[in-house]
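S.K.: Going line by line, the protein sequences match chains A and B. First residue of the first sequence: 1, per the numbering used here; consecutive thereafter. First residue of the second sequence: 1, per the numbering used here; consecutive thereafter.
Derived from the structure by calculation, the hints contain no laboratory data. Heads up, none of these hints are tricks.
Derived SDA-like pairs (lysine to any residue); straight-line CA-CA distance at most 25 Å:
#1 B:K149 <-> A:P5
#2 B:K235 <-> A:E10
#3 B:K235 <-> B:D214
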Amino acid sequence: MVLKPAKLMEERMKEMLIRDKAGVGEGFSAALSGDVGRVLGDYFELVSRPAVKVARGEDGAYEVTVTARASAVKRFRTTEELPSPVIPS
Amino acid sequence: MRKIVVTSGKGGVGKTTVTASLGRKLADMGYRVVLADADVGLNNLDVVTGADSRVVYDIGDVAAGRCRIFQALVADNESTARILPSAGGGEEMSAQAFRGVIDSLTDCDFVFIDCPAGIENGFHRAVSAATEAIVVTTPSASAIRDADKVLTLLSAYRLEDISLVVNRIRPDMTARGEMMRADDIARLLGTPAVGVIPEDDCVTLYQQLGRVPDFALSEKAFALLAKNIADRTKKCAEIRMPLRRRRRWF
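Produce the complete structure using the sequences and hints provided.
M.R.: Here's what the structure looks like:
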C-alpha cells in the first residue's frame, strides 16, 4: 500500500524530531549501522543492512535499538573439524 | 491577569496575526486585553492592527521611564483591545525591565506578548514576562521542527501552561491525506492543540483594510480558539469547510 503524503511527512517528522532530541545526525546512524552490520555479518547471514535507531530517554540516557533480519546462523568451524596438525617426527 | 506569550521559533508562521486576532476576539467577549509587541527590532503588531500611525511612545520609552504605561497604550480601532507597541527603540532592554513593564499592566485580564522569531535574547525577554505560552506552527516540516525546539526551551521556564495553535491548515488537503492533520502535529509535538486556523485569503485581503469579517473561516476558528483560551479548555476544534452545493440541471 502506498502511504499518503501526510503519512510520509509524519514519519519523516517523527524521525527528524527524535534525531534532534538524540543529538545525532543521519550520518552517525548510517556509520553505526554499517559497523554493526559488519559484526553481525560474521555471525549471521544478514538479509539486509541492520536498522539502527538512537533515541534519548527522559533521563537523558541514549537508547540504541538495532533491528536486523537474517536468513541463517553462520556455521563456525570447530577445532574438531580442522585438519589435525602434522607433527614432525 | 493572564500573561500569554505567542511564540514559534520560525518566522512567518502567523504569530502576529494570531496575537491580534485572538486578542480582538477576547476583547469582543468582554475581556480587557492588551497586545504587547516584544518584537523590538522588527515590530509589526502595530502594522497588523492598523495602529502604526497613532504610536507616540513605545515599550522602550516606558522601560526607560520617559512616559507612563497608559501613555504608551494605543487603542485598537477594531476592538476594545489596547496595543503596547515597540517602535524599534529598546533593543538593549533587559528581560527584567520588560517584565516590569508587563507586570505594571494591572487593569487588564489578558496580556498577549508577540514574541520575535528565533530563540535569542528577544525570545528570552518575551518568555520571561509570561506565565503561559502559545506555540504557533504551520504544517510545514521546518515550522514543526522549530516548534519542537521552542517547546524544549519553554520547558525550562516556569510556565503554567503551554498550548499549540496550528495555523494555515488546508482542510481540503488534510481530507485528501496530502497535508498533516492538526491532531497529528499536536501528537508529534506532545502538546495539546487549542486552535486550528485554516488558510484563508480573507486574512490577506482584509488585514490591509482593517479587520477580517466574522464570516471568514479563520475568524470562526479564532472564535473557537478564544473560547478555549478563556475557559482554559484544550479542545482541538477544527472548522469544517462548507460543503459545495452540487449543481443539477433540474
